[in-house]
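First to last, the sequence lines map onto chains A, B and C. Position in the first sequence (from 1) plus 973 gives the number in our numbering. One point on numbering: in our numbering, the residue at position 147 of the second sequence is 140, and numbering is uninterrupted. Position in the third sequence (from 1) plus 2 gives the number in our numbering.
Keep in mind that the hints were calculated from the coordinates and are not lab data. Note that the Cβ used here is the ideal one computed from N, Cα and C, for glycine as well. Errors might be hidden in some of the hints.
What the hints assert, rightly or not - Label-pair distances were calculated between CB atoms; the ranges are:
id: 1; chain 1: B; residue 1: 114; chain 2: A; residue 2: 1216; range: 37 to 45 Å
id: 2; chain 1: A; residue 1: 1049; chain 2: C; residue 2: 152; range: 57 to 65 Å
id: 3; chain 1: C; residue 1: 243; chain 2: B; residue 2: 187; range: 35 to 43 Å
id: 4; chain 1: A; residue 1: 986; chain 2: C; residue 2: 55; range: 32 to 40 Å
id: 5; chain 1: C; residue 1: 233; chain 2: A; residue 2: 986; range: 36 to 44 Å
id: 6; chain 1: B; residue 1: 232; chain 2: A; residue 2: 1046; range: 52 to 60 Å
id: 7; chain 1: C; residue 1: 152; chain 2: B; residue 2: 16; range: 44 to 52 Å
id: 8; chain 1: A; residue 1: 1114; chain 2: C; residue 2: 89; range: 55 to 63 Å
id: 9; chain 1: A; residue 1: 1120; chain 2: B; residue 2: 73; range: 32 to 40 Å
id: 10; chain 1: C; residue 1: 220; chain 2: A; residue 2: 985; range: 30 to 38 Å
id: 11; chain 1: B; residue 1: 157; chain 2: C; residue 2: 220; range: 22 to 30 Å
Unchecked claim - Result set (SDA-like, lysine to any residue): computed pairs, CA atoms no more than 25 Å apart in a straight line:
id: 12; chain 1: A; residue 1: 1058; chain 2: C; residue 2: 178
id: 13; chain 1: B; residue 1: 176; chain 2: B; residue 2: 125
id: 14; chain 1: B; residue 1: 49; chain 2: C; residue 2: 218
id: 15; chain 1: C; residue 1: 179; chain 2: A; residue 2: 1072
id: 16; chain 1: A; residue 1: 1231; chain 2: B; residue 2: 255
id: 17; chain 1: B; residue 1: 176; chain 2: B; residue 2: 141
id: 18; chain 1: A; residue 1: 1050; chain 2: C; residue 2: 195
id: 19; chain 1: A; residue 1: 1084; chain 2: C; residue 2: 206
id: 20; chain 1: C; residue 1: 240; chain 2: B; residue 2: 115
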Amino acid sequence: MPVIETRNLSYTYSPGTPFRKDAITDITFTAQKGDFIGIIGHTGSGKSTLVQHLNGLLRPTSGQVFVNGIDIWQQPKKIRSVRFKVGLVFQYPEHQLFEETAYKDIAFGPKNMGLNDDEIDKRVRLAAQFVGLREELLQKSPFELSGGEKRRVAIAGVMAMQPEVLILDEPTAGLDPRGRDMILQQILDYQKQNQTTVLLVSHNMEDIARSAKKVLVMNHGRIVMLDETAEVFSRAHELESIGLDVPAVTRIFMSLRKSGFNVGPNAYTVKQAYDRLLPLLKKGGGSNA
Amino acid sequence: MAIIKAESVRFHYDTDNEEGAAQSLMVLDNINLDIKTGEFVAVLGHNGSGKSTLAKHFNALLLPTGGQVLIDGKNTSDEHNKYEIRRMVGMVLQNPDNQLVSTIVEEDVAFGPENLGLEPDEIVRRVHDALSTVGMLDYREHAPHKLSGGQKQRVAIAGILAMQPDCLVLDEPTAMLDPQGRKEVLETISRLNRERGMTVVLITHYMDEAANADRVVVMEHGQIIMQGTPREVFSKVDKLRAAGLDVPQPTELCYDLLGQGIPLPEGILTVEECTTALLQILEENNAGN
Amino acid sequence: MLSGITIGQFFPGNSLLHRMDARIKLVLTFAYIAAVFIPRNWAGLAVAVGFLIFTILLSRLPAKLVLKSIKPILPIIIFTSALNIFYVTDGTPLFDWAFIHITTQGLTTAAFIAIRIISLIAGSSLLTYTTSPTTLTDALERLLSPLKAVRLNVHELAMMMTIALRFIPTLIEETDKIMSAQKARGADLESGSLMQRIRALIPILIPLFVSSFRRAYELATAMECRCYRGGEGRTRMKQMHMRAFDIVCIAVVVLMAAGLIVLNFVLPPVI
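Whole structure, please, built from the sequences with the hints as guidance.
Next comes the structure, spelled out in structure tokens:
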């Protein structure tokens, strides 16, 4: 049974007014336990609207969302419990920090779940460990931390709820490369260790290429592709036609192939490209297509 | 003639450490830098490397605690020069939302010229020019909050251009933008440099944004650790990685292959360059077979 | 969720009303609001409403837009009308049951006052619809400039208003976002006792304050970068000129007010 399933999900802003706008239309997809799905699409393509449906922050105009096979809007009064199963980290999550200490801020979610203090303590420490926050930082005010540390506190705050599905909306936006690599690696480790389903919304194709096993592409509020990462990036022309980039090495591979060289399937990370090109480039290793 | 001249610039904050003892935090450590009229200089560095602090010295927002900064020969530490320097060195900041003052685009662009006490006719002319230069003339009566991030940032640039500065300093202008917005802003910047001969100092942590620059300056720990043409600098991949910078995929791929004895040129920057270089070797190999 | 508020919104255009001197427009709007309270008879009220319809036509804005401005204050109109219907008990009784007495006079008063309130709101929204907020504060700044003599810093006040207007939509959006983010962490904003609900606001208000201060700091830096140094030596892009049309407008409003006063003497009052 899929952890998350949507059926014909549609959402319209300000229905029945001149400002009416279809944000997402007829979205049907499933995510299985342990999936790592990248969600891409240009600004306004409906990515954020979609993910806000998965934890019940938005109520669909039509269609359904199932978490573990149960329609989340079957009992609207219990919608809050869905948010503990499907954790959502918003863009620039450090802007939502409010507690006196980083520890208390991470504990906010678990506390709302009604857990006992021991359990909360255990979860806060575990989450802090995942995002690499040192013990002594936990007792500091979140406002005294550096930008990257704040971001990690905010992400830990959602991880501490130990959701079955973790959704991150642009978790690396605005960070420098070092901070970006660190957070991305932590998310990967977390996913591996807990077999959590992760949905990663990002503009950064190289982040997606490095982490996601599957990619969901949105355009004008609809799903236009949902496939293995390599398959999606092999449709580079289609991606470019809807205003999306493909990783630079993918473009290199496409050009090489166009020039008649059999370089094998598309690479989308530097490592893949390196492994595939090296034997071809070594003297005598070249082969014609 | 150097429009910006930094001579042994030092800058430190005095703060209290955890035990309450006074300590001095060195942010800029003996910076010497000349920027020539018409030059496009990219300053790279990770967060906390001192690059933004350096930028703020160029228009007297911060004053050096040692050494001096001369703008067209005028010392920034001289209070009398302050407003003239701020007009000459226009500064665009990171967050497009927080630098627009007015509720109407054209009135916002007029803010700078109004502060300069210009005649109304002259202001109207400059606002028109500035908005058409950044391609936002059609939006002159729009409300800033309804524009996209890239559009807002272009309005912010127009607001600076309307003061007719001699030099444009942009402090991570694309850090908060999506790929489309980044593209818009970067195109605007390099067009200003190419077509109008505007001196540009671009502070960024994206290496690919520095590819169009005449000169790249890399900072770490408040010092300049490297400078040169983009090609010279980007050929030192190890040093850049150590400085916490992100190396573009083509550069990284070629560097790694070069390390295995593949005879590729150094300092490859773009997909096109990389493809051409790879094709040449593949073809030679074929011919040899 | 919090968007869709239209009061105070500006609709760019190029009509006579849009191009009027904002200072005159502001003063005449106040004059009109005062004038709406003059009539005591239907003829006078008809003149006031007629004048309003004429200005709406002049503005070339869709009448629907002006009507929409009434919507948010509809409850107030209904409430005052109800009060008038039930409390004014002079005149011919129409309906009598228990404590409810409805009379002709009650209905007349209710209708009269409802029309008054509607004209007043429609008139003032016409001002904001046809004048950009910045121009409006600008006009206010110029009108109040004599107060500089008593050391009131009119420029700073106007600047504050401009910035507030600029950032209201941004902060509304931000509040929305913070609320969603805290809800995603299981914050319960919808249930519980009053105390619990107030406490539930803390996770929203603190981030909002923090971000407002951050924005304020960055905006101040940006303003410094753009050579802002207070009102001293500052010029404005948009000049305000009184033109023939503005003078005609003043004359028309004065004449209308005089006419309304005369009508009060000539015709018997209905309220």
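What are the numbers of the hints that this structure violates, sorted from low to high? Violated: none.
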